[in-house]
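Could you build the full structure based on these sequences and the hints that come with them?
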Amino acid sequence: MSVLFYIFSAVMLVFGLMVVLNRNPVSSALSLVVSFLGLAALFITLNAYFIGVIQVLVYTGAVMVLFIFIIMLLDIKKEQRRDLNYVAMGGGIIVVLALISQLAILLGDFVPGNQQLATLPEGSAVHQDVKLVGEAVFTDFNFHLQLLGILLLVATVGVVVLSRRQGRADRSQQ
Amino acid sequence: MPTLNEYLMVSGLLFAIGFAGVLMRRNIIIIFMCLEMMLSAANLTLVAFWRFGGGNGMPADGYEAQVLVFFVIAVAAAEVAVGLAIIVALFRARCTVHVEDLNSMKG
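If you're matching them up, the sequences are chains A and B in order. Going by our numbering, the first residue of the first sequence is number 3, and it counts up by one from there. Going by our numbering, the first residue of the second sequence is number 1226, and it counts up by one from there.
Take the hints with a grain of salt, since some may be wrong.
[Claimed, not checked] A partial selection of chain B residues facing chain A, derived with a Cβ cut-off under 8 Å:
#	residue
1	P1227
2	L1233
3	A1267
4	V1324
5	L1327
Hints are computed from structural coordinates only; laboratory data are not their basis. The beta carbon of each residue, even a glycine, is placed where N, CA and C say it ideally should be.
In structure tokens, the structure reads:
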């Protein structure tokens, strides 16, 4: 269990770094797919099976396919070697190191964080987590689910409007 | 067994990598992918706090945390669709995805 946690978090972080370091956008997108698979495995080590499955289905399945589709569609050539923006590089590294050290200091003093993951007892309700999350979504959070449906509809309409060619709309009006 | 702090640190590192990507990369599609990475890191924090919420390494009673993560993932999917449509429209107008070429709003 502990070994699996370290393996999957290493996979997630290494491929996450590859996203930032790769020059080719397609390799970046494929690295992000592997990184998200590692993240889904971490969700499953936390007994959140439903979220793990949703992460694979929605992120690595739908969202990343959309990304790769757009990268192919726009036919982006390998980024030309431009001069690196040293201000952005230096600023980025300093800000990120500050963030990580701040987090490490904060977690060092966080006593409840030292508890170890306990194995769930046999027949624990958490093992039926798809059923329980589904019940919560469709009863207590039913209104929010319907709002989400409206949001997805609005997003779909917005995407269609945004990706319509401007020129053709003008011509049909004349 | 891994502790809560280890999960929080891993999630913080993933967030930091995504943040570094947003600050350092110049390709708008990669910036957008790094934003997704930061969003997922926040989800990992939320699920980790749920799993350790009952004390002694046991999960919290309710399932509100997982419902919230579910809604976050759904909203993120909608956001990706709209964002990529904006990037496609931008590419049609300017023929570039390099953020330093997109400076027409610069004063």
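Against the structure, the hints come out as follows:
1. P1227: Holds, because the Cβ-Cβ distance from P1227/B to chain A comes to roughly 4 Å (cut-off 8 Å).
2. L1233: holds, 6 Å
3. A1267: violated, 11 Å
4. V1324: Not OK, violated: V1324/B not within 8 Å of chain A, min 10 Å.
5. L1327: Where the cut-off is 8 Å and the nearest Cβ of chain A is about 14 Å from L1327/B, the hint is violated.
Of the numbered hints stated above, those contradicted by the structure are hints 3, 4, 5, listed in ascending order.
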